[in-house]
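Protein chains: 2
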Amino acid sequence: MNWKLAARAAKMNPSVLREILKVTERPGIISLAGGLPSPKTFPIQAFADACAEVLHNDGQAALQYAASEGYAPLRQAVADMLPWDVDASQVLITTGSQQGLDLVAKVLIDPGSKVLVETPTYLGALQAFGPMEPHPVGVASDDDGVIVDDLVAKAKDARFIYLLPNFQNPTGRTMTEERRAAVSAAAAAAGLPIVEDNPYGELWFDEAPPLPLAARNPEGVIYLGSFSKVLAPGLRLGFLVAPKSIYPKLLQAKQAVDLHTPIFTQRMVSAVMKDRFLDTHVPTIRALYKRQRDAMMAALKREMAGLDVKFNAPKGGMFLWARLPEGVDTVKLLPKAVERNVAFVPGAPFYAGEGDPRTLRLSFVTASVEEIDTAIAALAQTLREELVLLGDRKLAATPA
Amino acid sequence: MNWKLAARAAKMNPSVLREILKVTERPGIISLAGGLPSPKTFPIQAFADACAEVLHNDGQAALQYAASEGYAPLRQAVADMLPWDVDASQVLITTGSQQGLDLVAKVLIDPGSKVLVETPTYLGALQAFGPMEPHPVGVASDDDGVIVDDLVAKAKDARFIYLLPNFQNPTGRTMTEERRAAVSAAAAAAGLPIVEDNPYGELWFDEAPPLPLAARNPEGVIYLGSFSKVLAPGLRLGFLVAPKSIYPKLLQAKQAVDLHTPIFTQRMVSAVMKDRFLDTHVPTIRALYKRQRDAMMAALKREMAGLDVKFNAPKGGMFLWARLPEGVDTVKLLPKAVERNVAFVPGAPFYAGEGDPRTLRLSFVTASVEEIDTAIAALAQTLREELVLLGDRKLAATPA
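Respectively, the protein sequence lines represent chains A and B. At position 216 of the first sequence (counting the first as 1) the number is 216 in full-length UniProt numbering, and the numbers step up by one without a gap. At position 189 of the second sequence (counting the first as 1) the number is 189 in full-length UniProt numbering, and the numbers step up by one without a gap.
It is possible that part of the hints are untrue.
For identical chains, the list gives no copy identity; a pair is met inside one copy or between any two copies.
Here are the simulated lysine-lysine pairs, PhoX-like style, with alpha carbons at most 20 Å apart [claimed, not checked]:
id, residue 1, residue 2
1, Lys11, Lys315
2, Lys244, Lys11
3, Lys40, Lys290
4, Lys336, Lys114
5, Lys336, Lys156
6, Lys40, Lys336
7, Lys310, Lys332
8, Lys290, Lys154
9, Lys315, Lys301
10, Lys114, Lys156
11, Lys301, Lys290
12, Lys114, Lys154
13, Lys336, Lys22
14, Lys290, Lys315
15, Lys244, Lys4
16, Lys274, Lys315
17, Lys274, Lys154
18, Lys22, Lys274
19, Lys156, Lys4
Keep in mind that the hints were calculated from the coordinates and are not lab data.
Kindly generate the complete structure, drawing on both the sequences and the hints.
As structure tokens, this is what we get:
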């Protein structure tokens with residue numbers, strides 16, 4: 001049988017990372033790898049009540065085909081909760097914000113189109129854009145986000161820049177107010193559209209992050225949001241907010257993809273969100289994650305002392321970013337860490353171009369404080385052994 | 001702001017049909033247009049019990065991220081219910097079978113790729129394939145399905161043929177056993193892969209349809225199925241079964257699109273399907289739809305007598321196909337029917353090439369028997385007036 005693959009499919013390769021990380025699902029491993037929200041935060045009883053209510057009051061409508069745009073009260077709730085003037089007609093409910101990335105790619109990327117991304121950037125975005133065969137170009141970035149001069153230098157003919165300003169995946173960094181203002185102005189001046197991804201923005205620890213880029217220039221930004229981190233990821237419920245000029249194309253792409261996002265889960269979440277549920281629920285998630293971030297930073301300071309490991313101090317979100325000493329390759333380190341029952345994600349695959357092999361991403365949300373302590377100690381021990389090994393090799397390579 | 005669209009998006013046009021049919025949502029209209037399963041058939045109590053059970057027993061897992069392949073027990077249940085030897089590892093759970101079409105398109109269609117379809121074919125498939133910019137070619141078809149000689153003549157360099165053998169959308173026709181055997185053999189001889197869509201197969205009235213094409217040549221067929229018509233469409237739950245050589249690419253495309261189908265709805269349906277629920281539930285749907293098909297055929301015979309209207313006798317599914325007298329254009333007829341409070345779908349948009357303007361699709365599942373009687377009478381009256389009008393025009397065009 002002549003199964004001739006499309007060119008884009010022939011280029012799809014199984015993720016090496018995914019294969020390695022499958023090992024981390026075995027019992028006994030403490031995983032700091034996956035971006036799994038803590039299941040302790042899932043409001044199970046609220047969902048149970050919502051399911052019963054929706055099926056009792058609106059069972060037939062909740063199980064029937066529905067509008068591609070999404071459930072009207074949920075679209076309104078999204079518009080109401082965003083911190084700028086959003087009309088519900090600009091909101092499109094998506095099957096997770098990952099689907100928003102797929103729709104954006106379909107509507108804006110031709111084969112070879114230049115697409116700007118942060119350095120490093122969210123791996124899932126690179127994967128979502130991939131089938132439309134863009135040419136992703138990394139914009140130099142520092143602890144405050146993308147560097148404006150490099151953005152300006154690379155903006156010409158780019159279809160858009162993809163930015164994750166709050167508690168970025170993978171680095172955990174947050175774009176400052178000053179940087180946002182400068183990026184927004186520079187993008188507008190260059191006519192460069194922005195795709196802004198904000199799954200983690202509500203997970204701040206001490207103070208809310210600055211306003212989204214979309215709030216500064218709504219006509220220049222497609223904004224992606226998600227219920228995965230404030231309610232539960234297993235419902236696959238996200239949304240996008242698009243300028244009126246682009247919305248109809250995104251809607252048509254959405255309709256062709258899955259007709260509409262499950263209306264039952266849309267109505268469930270709409271029911272859960274009544275009576276300002278998130279106002280009391282989200283602070284409990286923030287408090288939990290803040291405790292676990294503190295524990296991870298304390299453990300890193302304690303266990304990595306003297307090992308020349310650099311790491312940042314995320315102000316929210318789920319991830320911390322670390323850089324190990326010269327010569328260490330975290331892809332090679334991972335299987336050794338797994339032998340010691342701890343897993344992380346190597347940083348290199350998150351780069352559009354060549355990755356920094358010394359970097360890694362640590363999630364502080366899934367494991368408990370005790371598990372974090374154990375895992376970071378094991379990771380330090382793994383690193384110590386690796387450094388000895390690298391030292392030995394260097395010695396061995398030294399002329400006698 | 002320079003929102004430059006991808007070429008594929010620039011080609012997306014708002015569906016004229018969709019705009020017309022929006023009118024049909026207004027109260028008082030009896031719609032024979034949409035393919036909406038009768039909400040009377042939705043097992044609301046079974047879903048309520050399943051939600052409570054899933055959240056009580058496995059709440060955290062049911063709300064967490066999950067495997068892209070789908071929920072293992074549901075994949076096994078799908079493999080078990082199909083009438084050929086399917087391994088659960090070949091089953092991919094999709095967000096409705098519409099998503100299966102999107103994944104197939106991504107993996108198998110390059111811009112300009114020839115894709116064979118029936119005449120007419122499912123409009124949603126043309127829409128799902130569209131963004132990958134295929135060249136769809138209609139294979140001549142009769143009441144038994146595609147005509148084998150024409151399939152053979154057009155098979156060269158085609159990426160696949162898309163077939164809906166059971167109670168087809170839009171025609172309601174079913175491919176006979178003889179035709180299936182011939183199509184399967186011809187496709188295999190030509191090395192032509194088949195994409196087989198079977199959302200309606202369980203909705204037979206008097207006897208089950210012949211075995212799927214996939215059962216005859218599993219290595220040559222991607223098979224798409226759905227829970228929309230046997231349980232409820234609002235959950236957007238479907239599946240595909242793919243040969244081992246193609247499955248990994250479809251899985252990678254799936255992961256990039258939405259990570260996974262909502263695990264909560266997968267577990268709901270898995271819980272509902274326990275204890276062979278479908279064995280008792282589906283016959284109630286068959287009985288209802290059969291009564292309504294009978295009512296529609298009786299009404300057509302009664303109301304359309306003498307109007308030269310041809311229509312078929314579907315043996316299952318949801319749709320009936322009709323052809324009106326020469327000179328009538330159903331796209332133009334629709335607004336007039338809507339004035340008389342009845343809606344249908346014109347047939348022309350379902351063709352890959354030029355459509356037959358005299359055809360239309362009638363759904364017999366959403367409206368009740370009484371509504372069907374009223375609607376068909378109104379449709380006949382609309383047609384009668386149109387024929388008078390066409391006659392007048394012909395007279396007016398006749399030289400004096």
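Now the hints, each set against the structure:
| no. | hint | result |
| --- | --- | --- |
| 1 | Lys11 - Lys315 | neither (37 Å within a copy, 44 Å between copies) |
| 2 | Lys244 - Lys11 | between (34 Å within a copy, 18 Å between copies) |
| 3 | Lys40 - Lys290 | within (14 Å within a copy, 49 Å between copies) |
| 4 | Lys336 - Lys114 | neither (38 Å within a copy, 49 Å between copies) |
| 5 | Lys336 - Lys156 | neither (44 Å within a copy, 52 Å between copies) |
| 6 | Lys40 - Lys336 | neither (30 Å within a copy, 58 Å between copies) |
| 7 | Lys310 - Lys332 | within (19 Å within a copy, 70 Å between copies) |
| 8 | Lys290 - Lys154 | neither (37 Å within a copy, 63 Å between copies) |
| 9 | Lys315 - Lys301 | within (17 Å within a copy, 72 Å between copies) |
| 10 | Lys114 - Lys156 | within (9 Å within a copy, 35 Å between copies) |
| 11 | Lys301 - Lys290 | within (16 Å within a copy, 72 Å between copies) |
| 12 | Lys114 - Lys154 | within (9 Å within a copy, 37 Å between copies) |
| 13 | Lys336 - Lys22 | within (15 Å within a copy, 60 Å between copies) |
| 14 | Lys290 - Lys315 | within (9 Å within a copy, 61 Å between copies) |
| 15 | Lys244 - Lys4 | between (39 Å within a copy, 14 Å between copies) |
| 16 | Lys274 - Lys315 | neither (28 Å within a copy, 46 Å between copies) |
| 17 | Lys274 - Lys154 | neither (44 Å within a copy, 56 Å between copies) |
| 18 | Lys22 - Lys274 | neither (38 Å within a copy, 29 Å between copies) |
| 19 | Lys156 - Lys4 | between (36 Å within a copy, 12 Å between copies) |
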